[in-house]
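Going down the list, the sequences are from chains W, V, G and F.
Under the numbering used here, the first sequence has 28 at position 28, and the numbering climbs by one with no breaks.
Under the numbering used here, the second sequence has 40 at position 40, and the numbering climbs by one with no breaks.
Under the numbering used here, the third sequence has 74 at position 74, and the numbering climbs by one with no breaks.
Under the numbering used here, the fourth sequence has 189 at position 189, and the numbering climbs by one with no breaks.
Simulated from the structure, these hints should not be mistaken for laboratory data.
Keep in mind that a hint or two might mislead.
Now the in silico label distances, taken between C-beta atoms and shown as ranges [to be verified]: (1) Thr-235(W) / Gly-260(G): 15 to 25 Å; (2) Asp-2(W) / Leu-11(F): 29 to 39 Å; (3) Ala-274(V) / Glu-114(G): 52 to 62 Å; (4) His-14(W) / Ala-274(V): 49 to 59 Å.
Note that this is a predicted model, so its numbers are computed, not measured.
Even for Gly, the Cβ is constructed at its ideal location relative to N, Cα and C.
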Amino acid sequence: MDLSFSAEDNAFRHEVRAWIRESMPTDIAAKAEIDAHFDMADVMRWHKILFARGWVAPHWPKRFGGPGLTATQRFVLTEELELAGAPALSPFGLSMVGPAIMQFGTPEQQERFLPPILRGDEVWCQGYSEPGSGSDLASLRTTARIDGDDLIVDGQKTWTTYAQYADWIFCLVRTNPGAKKQAGISFLLVDMKTPGVEARPMLTIGNTPAFCDTFFANVRVPRANLIGPLDGGWTVAKALLGHERTLIAAVGPSQRMIRRIKRIATDTTDGGQALIDDPAWRSRIARLEVKLQALQMANYRALAGAALGHAPGPESSILKLRGSEIYQQTFELAFDLMGSHALAWFNEPGVIPELEQWVASGYCYNRATTIYGGSNEIQKNIIAKMLLGLPGA
Amino acid sequence: MDLSFSAEDNAFRHEVRAWIRESMPTDIAAKAEIDAHFDMADVMRWHKILFARGWVAPHWPKRFGGPGLTATQRFVLTEELELAGAPALSPFGLSMVGPAIMQFGTPEQQERFLPPILRGDEVWCQGYSEPGSGSDLASLRTTARIDGDDLIVDGQKTWTTYAQYADWIFCLVRTNPGAKKQAGISFLLVDMKTPGVEARPMLTIGNTPAFCDTFFANVRVPRANLIGPLDGGWTVAKALLGHERTLIAAVGPSQRMIRRIKRIATDTTDGGQALIDDPAWRSRIARLEVKLQALQMANYRALAGAALGHAPGPESSILKLRGSEIYQQTFELAFDLMGSHALAWFNEPGVIPELEQWVASGYCYNRATTIYGGSNEIQKNIIAKMLLGLPGA
Amino acid sequence: MNFELSEEQQLLQQNARAFVKQRSPLSRARKLRDGALDRALWREMGDLGWLSLPFAEDVGGFGGNFVDVAVLLEVFGSTLVPEPYLASIVLAGTVLARAGTPDQHQRWLSAMMEGRTIVALAHDEPGHRFSPRPHSAVAVAVADGYRLRGRKEFVLGGQHADVFVISALVGGEPALFVVPCGTEGLTVRSIRTIDGQGAAMLEFDSHVPSDQRLTGGDPGDALDRGLDAAAAMTVAEGLGVCRSALELTLSHLKTREQFGVPIGSFQALQHRAVEMFVEVELVRSILALAAARADHDNPDVRHHATSSAKVQLAMSGRFVAQQAVQLHGGIGITDEHDIGLYFKRMHALTLAFGDEEHHVRRFGARPAFTDLRANS
Amino acid sequence: MNFELSEEQQLLQQNARAFVKQRSPLSRARKLRDGALDRALWREMGDLGWLSLPFAEDVGGFGGNFVDVAVLLEVFGSTLVPEPYLASIVLAGTVLARAGTPDQHQRWLSAMMEGRTIVALAHDEPGHRFSPRPHSAVAVAVADGYRLRGRKEFVLGGQHADVFVISALVGGEPALFVVPCGTEGLTVRSIRTIDGQGAAMLEFDSHVPSDQRLTGGDPGDALDRGLDAAAAMTVAEGLGVCRSALELTLSHLKTREQFGVPIGSFQALQHRAVEMFVEVELVRSILALAAARADHDNPDVRHHATSSAKVQLAMSGRFVAQQAVQLHGGIGITDEHDIGLYFKRMHALTLAFGDEEHHVRRFGARPAFTDLRANS
């Protein structure tokens, strides 16, 4: 057992850190400093900067344009980006449909779709969930019926994050209504500019633009946009879900929040005493930092296992569960430290310190972290059955 | 709405309080002072003292020897006894089989069994749970087959608290193995001195004698000892379970524990500072006291409703759930305040202060409070279905 | 001991329920987020006697008590009625009533009770968490009155106020001044708040005539009582909020299907709903204590009741709000769904007039907390 | 970065597992509660090299590290091996090794590593919660040595000890003395503890020869390091305890039937078991940090690792222990069932060498905790 990184990996870390310092535009760095919400323009600008450096898709194979980093380097890169508060790139192209096209797409599809994803020229979104099917994904009702060389799509998708900005959406659609639940589903790519597609953006309870309802009315899509065989979309979807879970341990963002918490606690006084010097507040911060430290070690275990080529072990399944909870707890603690300031809604310049401005909003919209990516309840069902071998109900 | 007690009730409270002060034997009072474990001799001695005063069965109707108190007076009496730390009387005769015999027994049975319960001449225990049937009571397997005027009982009961001291046990036995679960069960009284009955006492994890396994091998019991009709025991059992739940809100015992916690926190110093003057410990005590205060108000609501003749409302169902949890939390906090002292097992005179001596033991055995009387998980199932109307699985 | 509502209180409850159903259902709260006050509705509340409910008859009030107010506010909470009842009537009103002279009552309290004037209390200052006393706002005697200088934060209802009651130190002791909106040197900045009900930030360097200093009672005591009353009534409104959040959630659990069954049939979700229910019942129980003791003359008894209720609301209310969103799943995160409105109002209520940490400390700082003779 | 055990560590793990299965299964822990030590088994551990595992080769040790010790202690925890490895080898041994001269190592450490002598550290004093320093025990120089006076509490392993290492102030500074059992003026009282492993209370007013004062290193540093090592290794043993408690519980959930189905099919119980599992994995994860840093030379780094691990163990271990009993239902409360043994040992481990509150404070008191330059 060895908890240190190799000299090479440490050198790479310093390279990354220095590059971020030099390359991050000042306005983005200013937002990062206070963990403000990044709008889509920020995200895509940062995407292109990373692309120029070759680091936009560390997990892509070299032949598709990946940088050929080791597992540990990939981790170090991600960690440093998170710690720097860099905009989180949209995962829908890079981490979801991209890898799916690599695994299941034809050479033509790979050539058509992968380069624009890498360059950030085309933005993607995900059409999985429907109003009636959240956790029970396979109960989806959006249909695509065959009409010559085309498919005609009708239905509604929800939770289509970034649909208002997206050029393309990848969808699960029911192509065989007669087949059993999972059997009649296909994986289809739809150009968002196709007539009949409409994305209606919604706000979160944190007042951030986040996801859309996306409607399909008689939308004509070429059969060539199917990934995998007709009625064979469930296999593609399952492979893709696996990628999603590891994205949301949120250790780096939580570490940034701990730092922000300490800064708030240092700046906030009560009768002349900084809250960080108050034993009760300091204890609460310390306890949360300890929990995050344990999570970070669990994250490192998963990384180290992956670097050795092990399949993700039980330690990775806890990352989503506790990662999402701890991230929420960091916002809750920051919110509590602010006292009356937490009442202020964001975008009211000068009312409360900049550092606090996005806390209340973040506290609200991050209630989503225990819901999305497979709700924590669903995660527990999976762990109970898959890892603990507990009997079905 | 009026939160005060009437002048009459306050006078009654003072009467009770004064009587307790005068009547409690000094050795029992000394144990009460430190909430030491009362042995059965203490309990029965106190039973007889209460009997002499006429207060041993406040909830019994006058015609069976009850004192004819109002609902509020009964509550005040119970509250004062709890606050004084008086030994808790055995509920099995007074609160369980006694009321069952009143409701379902014949006049002969009432005459035979009720007076000795009241006087404390006969000790009872309960034969419900079996090794294979805890929460799922109706799956019990102890049988009683008819043999002339007798029943022959075979089987095993568990959780038979006080069986090692008991003169009688009331049992649920299967008299009709062919009938469906609840249908073939009878309610039977068995003399513990009958040949073939054996009680094997067990210790709790707090090292207190508490309950037994009780074995029945070819035990001959007169049919006259059936309460209610043959195969009609489930009705009796159900009526009786209702009595049990309200016994365990434990507000009084938790209040005593809060007081003990404050005394421990006052007496325990760290580098010269009493823990009660340390903000973190004081906060923790305050938070727990607040939770208990809310529970006490819920308890008062239930009392006030009962005094008006209302059937127990939703507020009473929370008493068992939170009451058991809060009682456990009081022991946990006392345990934590003790620091290294919590390592000491009890009955080691002079090692730790008397006031702390029973804390670790109590912390251990009171893990039972969320299990017995219908585990908290079962309570939640009941509330979900009965009060919230949530659909069955 | 009796927890039943009187006949009058039952009637008040029925009227209030009918009123909010017709005049201020939840959709109104959504529409009025960050918006202006509907003065006609406020005056209507005055006509119904609601704005004079907690005030003694000798100051022209209805002569009710805080149990009555709790009945009203629980109903207001159930549909998030956006009117500043808590801030204006309960908080500012109590301070005015306690600290004002009969003339001053006549001048400002009467108009407030009729719904003609909105009053807000400005007491919160930077750097002092939930302190009931002024710290850096100062008034100095000048010709014909006082020069009042300072800043006040998060004045609830302040963006609607016609008149402010401002606390400040005079010779190191707390004093209270009535300062109408529009007074020279007074800047009122409206700000948005998480619950959409808004507040104001005040800066002032103004001349205040002598007769606008409240001189009918002890200002420190009036502030303490006002904040206690407001904290207690926050719990009443919070109970209404919790109850609605629980109802919405139960309804979702019963109707939303996944895997072919209502999600409310899953035991883990059932038990979560039960925990929410239990917490709501505990808030309801402790509210009875807080409402009954919100105007108790013994500060230790009053602080015990109001702080314990406020702490319980903070613990229970936040749990209920968070779980309500969680059990709604994805739609619970959208601003379009109503549950988020309850979620945010609940958090504003737990903060208002002292957060959990503040009231835990105050509860533990009471002399009675460490008096071990009391309990046995 | 690598979390895998080395081949040697895997072998150690296999050997230890085989050993406890044959020689010290759980039934032995039950039998030996409050009982005497089995000296033959202890010597056998010495022969296996286990008692010299964490000590440098230049003091005659095996030259291992605390990752090796963690491997061993996790296995010991799994069947509650009652030998005082933590108290004697890890705690007293580290202090002896750090503070002793080569002669003193020869005299006491060698015998300890061979299993011939049991050593215990007496440092805990009344009125100072988990302090690593002496406060009222005092040694005064006299002819040929020192007069050592004071009291020590809860000396773990002390009831079995042949030799004590006792901390005391000399001229206001910490010092350490080796005091054999049987020294005139030393009273050793054996006491029972919740986990059945026992401890001793010491009173002493004894003459101690000069060469029994440890003079090979800084006594304050040695105490701090000994307690850090012990705290870190408590987490290793605690992991073993947690894992066994979880295994027993899962097995119960799978076999115990109610309402005609295994109770492990109920979703609420499944989710509880998952929570237990997650907590065990977190303990396992943080242990890696604590084991690797238990002997780090920078006290801030060492305290960060050991205190965070000890806090996590306290939070997770208690939760796992409580839920294990709860999910066992009635039988879990009986002394006859094994789960209670794990429950009580878990609580003893969370207390030993600093409880949750102590380590939370120590974690927060590190200079690095408030150094905001560190993190970005």
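Hints and how they fare:
| no. | hint | in the structure |
| --- | --- | --- |
| 1 | Thr-235(W) / Gly-260(G): 15 to 25 Å | holds (23 Å) |
| 2 | Asp-2(W) / Leu-11(F): 29 to 39 Å | violated (18 Å) |
| 3 | Ala-274(V) / Glu-114(G): 52 to 62 Å | holds (54 Å) |
| 4 | His-14(W) / Ala-274(V): 49 to 59 Å | holds (51 Å) |
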